[in-house]
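**Student:** The residues making up each chain are set out below.
There are 2 protein chains.
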Amino acid sequence: MTGPCLEQAILKSLPDTVDSIVVAVSGGVDSVVLLHLLQRVAARCGLILRAVHLNHCMRPEADDDARFVEALCQQLNIPCHSESCNVAKLAQQGKISLEMAGRLARRRLLEQVAAETGAQLIALGHHRDDQLETLLLRLTRGTGISGLSGMAELDLPWWRPLLFCSRRQLLDYARRQSLSWREDASNLDPLFVRNRIRHQIVPRLKDINPQFAERMVVLSRQVAVEEDFWRYQIETHFPSIRVACDDGLRLQRSPLLGFHPALRLRLLRAALFEVRGHLHGIEAVHLQAIDDLLTGARSQAQLDLPGCWVARRYEHLWVRTAAPAMPPRYDVALQIPGEILLPDGRKLVATVVEQVEIETRHRVYVDQAVLDRPLTVRTWRPGDCFVPLGMTGHKRLKQLFSDLKIEKEERLRTPLVVAGETLLWVAGLQRSGFGVVTPLSVRPVRLELL
Amino acid sequence: MTGPCLEQAILKSLPDTVDSIVVAVSGGVDSVVLLHLLQRVAARCGLILRAVHLNHCMRPEADDDARFVEALCQQLNIPCHSESCNVAKLAQQGKISLEMAGRLARRRLLEQVAAETGAQLIALGHHRDDQLETLLLRLTRGTGISGLSGMAELDLPWWRPLLFCSRRQLLDYARRQSLSWREDASNLDPLFVRNRIRHQIVPRLKDINPQFAERMVVLSRQVAVEEDFWRYQIETHFPSIRVACDDGLRLQRSPLLGFHPALRLRLLRAALFEVRGHLHGIEAVHLQAIDDLLTGARSQAQLDLPGCWVARRYEHLWVRTAAPAMPPRYDVALQIPGEILLPDGRKLVATVVEQVEIETRHRVYVDQAVLDRPLTVRTWRPGDCFVPLGMTGHKRLKQLFSDLKIEKEERLRTPLVVAGETLLWVAGLQRSGFGVVTPLSVRPVRLELL
Chain A
1 MTGPCLEQAI LKSLPDTVDS IVVAVSGGVD SVVLLHLLQR VAARCGLILR
51 AVHLNHCMRP EADDDARFVE ALCQQLNIPC HSESCNVAKL AQQGKISLEM
101 AGRLARRRLL EQVAAETGAQ LIALGHHRDD QLETLLLRLT RGTGISGLSG
151 MAELDLPWWR PLLFCSRRQL LDYARRQSLS WREDASNLDP LFVRNRIRHQ
201 IVPRLKDINP QFAERMVVLS RQVAVEEDFW RYQIETHFPS IRVACDDGLR
251 LQRSPLLGFH PALRLRLLRA ALFEVRGHLH GIEAVHLQAI DDLLTGARSQ
301 AQLDLPGCWV ARRYEHLWVR TAAPAMPPRY DVALQIPGEI LLPDGRKLVA
351 TVVEQVEIET RHRVYVDQAV LDRPLTVRTW RPGDCFVPLG MTGHKRLKQL
401 FSDLKIEKEE RLRTPLVVAG ETLLWVAGLQ RSGFGVVTPL SVRPVRLELL
Chain B
1 MTGPCLEQAI LKSLPDTVDS IVVAVSGGVD SVVLLHLLQR VAARCGLILR
51 AVHLNHCMRP EADDDARFVE ALCQQLNIPC HSESCNVAKL AQQGKISLEM
101 AGRLARRRLL EQVAAETGAQ LIALGHHRDD QLETLLLRLT RGTGISGLSG
151 MAELDLPWWR PLLFCSRRQL LDYARRQSLS WREDASNLDP LFVRNRIRHQ
201 IVPRLKDINP QFAERMVVLS RQVAVEEDFW RYQIETHFPS IRVACDDGLR
251 LQRSPLLGFH PALRLRLLRA ALFEVRGHLH GIEAVHLQAI DDLLTGARSQ
301 AQLDLPGCWV ARRYEHLWVR TAAPAMPPRY DVALQIPGEI LLPDGRKLVA
351 TVVEQVEIET RHRVYVDQAV LDRPLTVRTW RPGDCFVPLG MTGHKRLKQL
401 FSDLKIEKEE RLRTPLVVAG ETLLWVAGLQ RSGFGVVTPL SVRPVRLELL
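Protein chains in written order, with the numbering used here: chain A, 1 to 450; chain B, 1 to 450.
Hint data in this document are derived by calculation from the structure and do not stem from the laboratory.
Be aware that a few hints might be false.
Note that the list lumps identical chains together, so a pair holds whenever it fits in one copy or between two copies.
Stated by the list, open to error - Each computed EDC-like pair below joins lysine to aspartate or glutamate, with the alpha-carbon atoms no more than 20 Å apart:
1) Lys408 to Asp246
2) Lys12 to Asp292
3) Lys398 to Glu315
4) Lys206 to Glu283
Keep in mind it's a predicted model, so treat the numbers as computed, not measured.
With the hints as extra help, turn the sequences into a complete structure.
**Tutor:** So this is what it looks like as structure tokens:
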């Protein structure tokens, strides 16, 4: 690709309606060529350019780099915003790598200048060899398919117009145009993993196939097209499986099971992304574990995963950033007449009445004559059982909960009214046959869950 | 993974209803461990095993390897089928690499023995490090996403029960069981690309991330799940876009355009696969070129691609292994009365008649009185034009063809009846207004395309 060709590539990649661009300029050959080319394009299309340089204060030559960029911009007649920042300190404070801290600081400054100047794009000098290194880095550290789409040419406001040009093409252009630039000695430092990929691994792979870089870029473009397909699939199907819920995210299990496992896993990733805000730390085993929750035999089970908590609750999958706080257990006396304020704000009220009305799930009557022990209201305990109204045998409370699909958290919010060891009422769900009011009952007690 | 764990892994991977297995045994540690483990599993499950060894006659130790495998099988009491084959000669004859020739010869022998013995599976000793090398080889040489699914654990009859075990695990097992095996010196030969990947590249990537192999295998499993999704999508949509056609494959353009580009490209790949039998030599640029054909403005255009020919013909995409033979051009005199046998077997007949019937696309009448020059029948030429019946101005024949969506190949099969320079009839399509029979016409000539 010759000079005009690089210019053409930039013009082709430039979105319409852009009139102002911020350009990241480190002073290295990539960004110098980018700035130079953009200046030519700007002259043709009437674009406003503004260069931004961040001095990382990491290397002795950093100040010289900054002065170089300022002089270059002056020569090209492009306004330059140059700032310094203690990246080492940022890295220490944020407990992140120097590379990460530098990138974050650069991004922040670029976004800030773009916002201040009303620029629609932030141009970055990444080229094909950077893309190749990024792909190899991700493969080495571990990536899902999505990661293989690599850096995007356009991901507003970020714009990488040189992404499909090789480093060699940029160097050739710089030499033909007699441009000068700064060499970054840290690009040779094998402590940076990217440099080991660049200097030790890529050359050997290119020995095997000189077209290696091109092939990887072709792969990444195929991946990018298919990622777009998956985004579309998720936009289509996610709303249909989502359940209205004001506590985290709930998905319907049954339609999820009807999808192909590949789509199901993509939807689960989308759910985690929505709840967590990102997918860092989520690995294939985690998604597989969630899928096992969905497809498994246990109707209630939960997983603590990095940065989130996922539970199967019967026909729902429930995703939160953390496990919900368990409602407190309690065990308190209930006077007759009297009332108890429950932890969730509801009340349990005992009243002596003359007249008996029809019973509901929230109101039952007990014959006070059969109550030989004082009443208590408490949460469930393992082994609880009772004789439900209309049955002769005992039923385990756990079985009742399960039959009615009462979720784990809800079980602890269900008050039990107990006389000694005898469970009278699973409030809101079912009463026992004990103490049912008859025409002979005197002074029946009304129990209400309000 | 200890001994029993490896055994468990094999048992878990073993499909039901299998009772007879052919085992590929080179004599290397992978296949020795595989045979040993399978013998234990066979003893538990009542499987019939048969070992197969192919002597490639490539290395001086090859005969020793064969004797080693035969002795090992005797010791394990497993029948052994051992054969020799001149791989170097096969490679030369087939103009393929030694690696490829060896693999093809092994596969053929294994399939043959499996067929003879009624074995349902052919067990191969590939392990996780082989998988890793395969993935890196494909990435290096260039692959689409599909290639990243790597080798399958089960792809009947091929079975790789050790695919998720590392080489280290197999070596540990072999040492603990005091097994002996043969070292293949060619595994160190840097002439083989796989060896360069294994010895020069993998160790450096593992330096960066010791979990590199596991991560790549996780990626390949995600790809495999999504490949299955795509297979399902293609099975669903391919029949709906296919047009019945006995000459190559034809797809409908309009539904193809309605699909997401990712699905469209997958369907195009499926079409090429169906016509070519494989996808070797098909690259992303080829698929993109076909997609450009589909979406472009030209209603008829064609591409010569490796091993196939793809054409847009109006609302169809037509795929053949090669371009269709062009129908011959001709230009012959038509006597009145008389007839001409056309190259495609049809006839063009001129008859002098008394009575005129209604005209059709295949039968017209011409007033002989206006014919001042003899008739000829010929194929179209650039610049041909005529005055269609009912019009006053000239129409270019090319325009007629285009209006009627007559495909390129069909245009050359359309006979034109011409008097000197005057086009009388585009046979089968439209007649000109010249020489229309009137009540005053004497001895009208009937022209028929039969």
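**Student:** Could you tell me which of the numbered hints above are not met by this structure, giving the numbers in increasing order?
**Tutor:** none
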